[in-house]
Amino acid sequence: MAPELMDLTAMRDRVAAGELKAEDLCARALADASRHAGLNAYHETFADEAMDAARRVDADRAAGRPLPPLAGMTVAVKDNVATRRGRTTCSSRMLEHYRSPFDATAVERLERAGAIVIGKTNMDEFAMGSSGEHCRWGRVANPWDTRRVPGGSSAGSAAAVAAGLCAAAIGSDTGGSIRQPASFCGIVGLKPTYGRISRWGLVAFGSSLDQIGPMTRSVRDAALLLDAMSGVDERDSTVADRPPTAIADRVEMPIDSLRVGIPRQYMSDANDPEVNAAVQASAEAFRAQGATVVEVDLPLTDVGISTYYVIAPAEASSNLARYDGIRYGHRAAITPGEDLAALYARSRSEGFGPEVQRRIMLGTYMLSSGYYDAYYRRALQVRRRIKEEMDRAFASCDVLLGPTAPSPAFPFGSNADPLAMYLCDVYTVNTNIAGICGISLPAGYAEREGAMLPVGVQLQANAFEEERLLRAARMLERGMADRVGAHRPPWAA
Amino acid sequence: MTDASTNALTAAQVAHVARLARLEIDHAAAERYRGQLAAVLGHIAKLDAVDIQGVEPMAHPFESSNRLAEDEPTAGMPVEDLLRNAPAAEGRFLAVPKVLAEES
Numbered sequence: 099m100a101p102e103l104m105d106l107t108a109m110r111d112r113v114a115a116g117e118l119k120a121e122d123l124c125a126r127a128l129a130d131a132s133r134h135a136g137l138n139a140y141h142e143t144f145a146d147e148a149m150d151a152a153r154r155v156d157a158d159r160a161a162g163r164p165l166p167p168l169a170g171m172t173v174a175v176k177d178n179v180a181t182r183r184g185r186t187t188c189s190s191r192m193l194e195h196y197r198s199p200f201d202a203t204a205v206e207r208l209e210r211a212g213a214i215v216i217g218k219t220n221m222d223e224f225a226m227g228s229s230g231e232h233c234r235w236g237r238v239a240n241p242w243d244t245r246r247v248p249g250g251s252s253a254g255s256a257a258a259v260a261a262g263l264c265a266a267a268i269g270s271d272t273g274g275s276i277r278q279p280a281s282f283c284g285i286v287g288l289k290p291t292y293g294r295i296s297r298w299g300l301v302a303f304g305s306s307l308d309q310i311g312p313m314t315r316s317v318r319d320a321a322l323l324l325d326a327m328s329g330v331d332e333r334d335s336t337v338a339d340r341p342p343t344a345i346a347d348r349v350e351m352p353i354d355s356l357r358v359g360i361p362r363q364y365m366s367d368a369n370d371p372e373v374n375a376a377v378q379a380s381a382e383a384f385r386a387q388g389a390t391v392v393e394v395d396l397p398l399t400d401v402g403i404s405t406y407y408v409i410a411p412a413e414a415s416s417n418l419a420r421y422d423g424i425r426y427g428h429r430a431a432i433t434p435g436e437d438l439a440a441l442y443a444r445s446r447s448e449g450f451g452p453e454v455q456r457r458i459m460l461g462t463y464m465l466s467s468g469y470y471d472a473y474y475r476r477a478l479q480v481r482r483r484i485k486e487e488m489d490r491a492f493a494s495c496d497v498l499l500g501p502t503a504p505s506p507a508f509p510f511g512s513n514a515d516p517l518a519m520y521l522c523d524v525y526t527v528n529t530n531i532a533g534i535c536g537i538s539l540p541a542g543y544a545e546r547e548g549a550m551l552p553v554g555v556q557l558q559a560n561a562f563e564e565e566r567l568l569r570a571a572r573m574l575e576r577g578m579a580d581r582v583g584a585h586r587p588p589w590a591a
Numbered sequence: 867m868t869d870a871s872t873n874a875l876t877a878a879q880v881a882h883v884a885r886l887a888r889l890e891i892d893h894a895a896a897e898r899y900r901g902q903l904a905a906v907l908g909h910i911a912k913l914d915a916v917d918i919q920g921v922e923p924m925a926h927p928f929e930s931s932n933r934l935a936e937d938e939p940t941a942g943m944p945v946e947d948l949l950r951n952a953p954a955a956e957g958r959f960l961a962v963p964k965v966l967a968e969e970s
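So the protein lines, in turn, are chains R and U.
Just add 98 to the spot in the first sequence (first one is 1) and you have the working numbering.
Just add 866 to the spot in the second sequence (first one is 1) and you have the working numbering.
Misleading hints may appear alongside valid ones.
Said to hold, decoys possible - As a list, the in silico EDC-like pairs of lysine to aspartate or glutamate whose alpha-carbon atoms are at most 20 Å apart:
1. U:K912 to R:D156
2. U:K964 to R:D437
3. U:K964 to R:E486
4. U:K912 to R:E486
5. R:K119 to R:D158
6. R:K119 to R:D150
7. R:K119 to R:E142
8. U:K912 to R:D158
9. R:K119 to R:D146
Source of the hints: derived by calculation from the structure; they are not laboratory data.
These numbers come from a predicted model, not from an experiment.
The shape of chain U in the complex, shown without the other chains:
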């Protein structure tokens, strides 16, 4: 990951990442991100110098087993409360713009 070829991101890579991240990025922004991300990735290459041979990844600060809740029904949040934040709603449903093409 430290070789120059990965730190120097290509425009195609930036476009690919933007697509994965569900972001709409214009050409100027893509160019800006290309330089900024490469600089951060270059710094992150410091990790390569750390000996990690045989070290278990630590995803969480403390290892604890799952805590299970009692299997008892509890009241959920009222639909009206949740729909209050919806960009668009119809009755008890979220409304979204038409996104499927007409069947021909």
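Extracted from the complex, chain R is given alone in its bound form:
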């Protein structure tokens, strides 16, 4: 296997063993990022700093100093996660020149574990989008077929991992923004339980839904990055009061008598046939390893999108009210005689792209006087019902298996209607609404217009059951290796 398509764990082990140099791996990733600039995965890379850090790791190894768990491994960071180095733009004109005065806790912890931040990745503006098309710095392409979207909103992170432009990446997931692009790009994407990883330094979109998570080329890599990033943080009062996870050392252990539930509502005829086939093949792979596969009932699956598109825009309209052109961000020019309200409104209208403005409008409307109870309060009531329904399902099974998205990657421009785009999130939003954990991993392919496109499946587990989730995912990854290993993205050559 070419070094750029090894997973992070393999690279790390070979660096530690002296078989590969961190410097060479880093140089290769940077060279490939330049060579594949057409993917538009990165907004910026930190070549000099990354190479220096990689050389220090090689020197440490040569000197026999102990290496931390992610020593010398390049990690790409979604551009809504604050880094002191470079800019944090959220792929928005609003934050075009924004330089964070601090590092996000997740970034700080990855670096403490030895990781090298190689660059910032392009995304749908403010994490609002499912295609990577709503990016101020140009759309991101899918390494499997550059006529198609990589998914979103963690578009550049997914493309960079799939094309070998980094060892691993982090993204953020508010309604599927890690898992859906992972599915479209043939990689692993983990949305941890709400509260597992500090949100300090993650630019707020939907504060009760947002989570940072790893995007990797293997399940064991996801475990390694989760272990490094999780745990209490005094700067985020919504982090669960739990110790960091320690799953990487246990992820290879299969789960005895695993019970896998397939929600009947997930196996819709509206899914592309290869999507349902990937779920069936996954069920077979589980059975072959002694798991029981049962059908479960989640009748509220269908109202997830409606619930999500109340809660997320409502929270976004409130969170994005801070961008007023005064303290930071884009400031428009006003003419003498115009008032402060004009300065705010013009700065916001110039700074935010159409999808962001649409969601702010939607959220503002639903929170406005006379509509609050009918929309927001009702959605929060449905949210509790969805959570209770999930809890009931998890009483009879350990993990839920289903599609990540109804289709493989779609061509650019094919979901121009906002509502059509929103409906793509049907299988991922309820994970965030219930605050539980979910992972997408590769499970097959669909051939479209001569290109092989990856198809992912999703596993979900109840809150703080990441160990169970990742061990089950590792079983599935092992069981599907022959089926999944057959192809690789042409752009990773």
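Since chain R is already given, all that's left is putting chain U on it; use the hints.
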């Protein structure tokens, strides 16, 4: 909320929401939003079919009590670091354009 009259937003409603949202939206954009928002609101009407009788709203994934920090002073961020991102600054202050009319 499901009746046709609320899903069919009026131009005046869109203008009102834009004002509340502090967005400056021209006529063409307002018309576009009118249709797009109505379509999304129409879809959201699915919520009406869910029985929510007596269900407590769930604003947050897990119910936890407030975690309080020790009441000890800590260093804030240096003013210079924060002003680095200001669109305009004068000394240690944010600068804004003149927005108040002259007293006559």
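Status of each hint after checking the structure:
| no. | hint | in the structure |
| --- | --- | --- |
| 1 | U:K912 to R:D156 | violated (58 Å) |
| 2 | U:K964 to R:D437 | holds (8 Å) |
| 3 | U:K964 to R:E486 | violated (54 Å) |
| 4 | U:K912 to R:E486 | holds (19 Å) |
| 5 | R:K119 to R:D158 | holds (11 Å) |
| 6 | R:K119 to R:D150 | holds (13 Å) |
| 7 | R:K119 to R:E142 | violated (24 Å) |
| 8 | U:K912 to R:D158 | violated (59 Å) |
| 9 | R:K119 to R:D146 | holds (16 Å) |
This entry does not satisfy hints 1, 3, 7 and 8, going by the numbered hints stated previously.
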